[in-house]
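Number of protein chains: 2
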Amino acid sequence: MSSTNLRILLKARPQGRPGPEHFQRAEEPRPAPQQGEVLVRHRFLSLDPYMRGRMSDAPSYAAPVALGAVMEGECVGEVVESRHPGFTAGDWVRGARGWQQWSAAHGSTLVKLPRQVGVSPSAYLGVLGMPGTTAWIGTTEILQPRPGECFVVSAASGAVGGVAGQIAKHMGARVVGIAGGAEKCRFVTGERGFDACVDHRGDLATALDEACPSGIDCYFENVGGAVQAAVFPRLREFGRIAFCGMVAEYNQIPAPPGPNLMALVRKRLRLQGFLVNDHPRAWKQWGETGATLLRDGRLRFREDVVQGLENAPEAFAGLLEGRNFGKLVVAL
Amino acid sequence: MSSTNLRILLKARPQGRPGPEHFQRAEEPRPAPQQGEVLVRHRFLSLDPYMRGRMSDAPSYAAPVALGAVMEGECVGEVVESRHPGFTAGDWVRGARGWQQWSAAHGSTLVKLPRQVGVSPSAYLGVLGMPGTTAWIGTTEILQPRPGECFVVSAASGAVGGVAGQIAKHMGARVVGIAGGAEKCRFVTGERGFDACVDHRGDLATALDEACPSGIDCYFENVGGAVQAAVFPRLREFGRIAFCGMVAEYNQIPAPPGPNLMALVRKRLRLQGFLVNDHPRAWKQWGETGATLLRDGRLRFREDVVQGLENAPEAFAGLLEGRNFGKLVVAL
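Heads up: the sequence lines are chains A and B, in that order. In this text, residue positions in the first sequence follow the UniProt record's numbering: the first is 1, and each later residue adds one. In this text, residue positions in the second sequence follow the UniProt record's numbering: the first is 1, and each later residue adds one.
Bear in mind the hints are in silico, worked out from the structure with no lab data behind them. Hints are supplied without guarantee of correctness; some may be wrong.
Said to hold, decoys possible - One side of the interface only, derived from the structure: several residues of chain A facing chain B at Cβ under 8 Å:
#1 C244
#2 N260
#3 G273
What the hints assert, rightly or not - Cβ-Cβ distance ranges computed for the label pairs, FRET-style:
#4 H106(B) to A255(A): 49 to 57 Å
#5 E321(A) to R300(B): 42 to 50 Å
#6 E191(A) to E288(B): 51 to 59 Å
#7 G19(B) to Q144(A): 40 to 48 Å
#8 P254(A) to P147(B): 33 to 41 Å
#9 R300(B) to P254(A): 37 to 45 Å
#10 R298(B) to S214(A): 44 to 52 Å
#11 Q144(A) to V80(B): 25 to 33 Å
Note that the structure is predicted; figures quoted are calculated from it, not measured. Note that the Cβ used here is the ideal one computed from N, Cα and C, for glycine as well.
Chain A with its partners taken away, still in its complex shape (with noise of 0.2 Å):
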């Protein structure tokens, strides 16, 4: 067993698109826990377009990754050791440690998963995880489609948007998805079972007005840019967004304008935006639904497996750009 931890340090503030450049690694001796502390090795870090926002030091809702911290990042990992009760050798657990191999977290900072059988423990960094439950909140009470209505989601083949097109299906909407390229919209609609997918390479709005004859009565915008801009004048009377993320924007500076919103009085629109966190209850709400549905048959997901925590920074700077094929994770 490995007697160094290797560290992923934030080098450099990117102005744009970030790059293995605005990263350094660093080793350190294993940790060693304190009463009350347990030695996790990492096996999965989550790697997610949120954290875009942490290496930037504009004003925000969460404080900015500080230059020669290690970055912010969900893991997954095995206790190797334990000096807490609630925890003992052998037991998989969650907890936001960094992009690291190791470490000594106090006992109260981390999730004890289930025993789930069939799901790999990487599953809780994404369908059982913080993307899964973005997507329930977003999606039930945010959105809150009825049964016949559009809802259109973007980043559809990605881990929150593939799994909010699920629950809307199941809700009884009629679900679009967005994503890029001809082999990422097959597998949403096969695969995921969304009615259709359309490719925002192509023409979009064309493709837009055939997939969605009658308007789009919610969408979840995960990306901004120009499928935003193709969609707002698609929303149909009392249309909805639920305003997750804007992926496609978040290397532009300064960030682009938006749309008119005389439309939303002359259509009477809700946009809202919301963030995982302010939802404490709704991470135990969507656990034991998703793994319910999980178990069921009806919920899939892909992975996209990054080997090695060396490769996390390029693997990070390919996920602002889409090139990432189901929620990315990296194995460590």
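Since the structure of chain A is provided, determine the placement of chain B on it from the hints.
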């Protein structure tokens, strides 16, 4: 009693500012009521920003006025002759009877006004009518200010804004108006009892920072344009905007872009448009609540009364430029 009916017809659809050249006067004989109809002598005509939309044939929530047809508008008037069992001569009524002096209206299209002591019947076009009801919905249903929150409303000396701010004040909010010019601002803080009022003709950003040092929780949007651009970045976390109208942009073609919407995620904002017509029960609610507040001296209103139907086109053009001071009505 005049035997002719002066009417103002829509002559042409304006591109930009509407003026007298887009209207046309016509005279016809005073109409005779048929069985079930009521002959109404119009006493006041309401002029409201939404009428700009009716002059355009762009897609909207309501059909445009046809070229050559009488302009749409709400009136209050006196019943002169009734062939409907629900009305008798001398009753005061309100109805969407258009820019004309007389009409023969089916009884089902009219609302009989209560005999309210001490309020001009024109109040049923403003503080107790559509604008007051609009303020009630936007404030109590869409924005829902909590005690101590900072509530900002534009066009604060106008028909809707003035009532919205007073309702928010009764709900315990700290209320800041935005109005054009020192005289209107003095009126808003004096007569209307707002906590502060900032002049959008000055340095609006600095004035808002001073009036709302912790930021803005609720914004009742009536104007759009530069005012919206100054308010938007000052919204606090969990802030919301009720979109009632954007009168500063109604003559702008094409419509200018709006703000980048990533702030909706970062601050968990809610932006929601509404129309009074979608809330039929609110009319009665506000009719009763507003009358009680008026009677108790807890609600103030101001009218800007223009004499003569022939002056309606120019007065309407001025309304879109903020030249009125209080609810604009035409006395016929």
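> Measuring from beta carbon to beta carbon, are H106(B) and A255(A) in 49 to 57 Å?
Replying inline: holds, 54 Å
>> Just to be sure I understand the hint, the distance between the Cβ atoms of G19(B) and Q144(A) should be within 40 to 48 Å; is that true here?
In response: Holds - the Cβ-Cβ distance for G19(B) and Q144(A), about 45 Å, lies within 40 to 48 Å.
> For the hint on C244(A), does the least C-beta distance to chain B fall short of 8 Å?
Replying inline: Holds, about 7 Å.
>> I want to verify a distance hint. Is the separation of the beta carbons of Q144(A) and V80(B) within 25 to 33 Å?
In response: Violated: the Cβ-Cβ distance is about 51 Å, outside 25 to 33 Å.
> Do the beta carbons of E321(A) and R300(B) sit within 42 to 50 Å of each other?
Replying inline: About 57 Å separates the Cβ atoms of E321(A) and R300(B), which means 42 to 50 Å is violated.
>> Within 51 to 59 Å: is that where the Cβ-Cβ distance between E191(A) and E288(B) falls?
In response: Holds - the Cβ-Cβ distance for E191(A) and E288(B), about 57 Å, lies within 51 to 59 Å.
> Does the Cβ pair P254(A), P147(B) satisfy 33 to 41 Å?
Replying inline: For P147(B) against P254(A), whose Cβ atoms are near 37 Å apart, the range 33 to 41 Å holds.
> Is it true that R300(B) and P254(A) lie within 37 to 45 Å of each other by Cβ?
Replying inline: holds, 43 Å
>> Does N260(A) hold up as a contact with chain B if the rule is Cβ-Cβ below 8 Å?
In response: holds, 4 Å
> Does the CB of G273(A) sit less than 8 Å away from some CB of chain B?
Replying inline: Check passed: Cβ of G273(A) comes within 3 Å of chain B, closer than 8 Å.
>> Assuming the hint says 44 to 52 Å, is it satisfied by the Cβ distance from R298(B) to S214(A) or not?
In response: Because 46 Å falls inside the window, the suggested range holds.
Violated hints, listed in ascending order, are 5, 11; each of the other numbered hints is respected by the structure.
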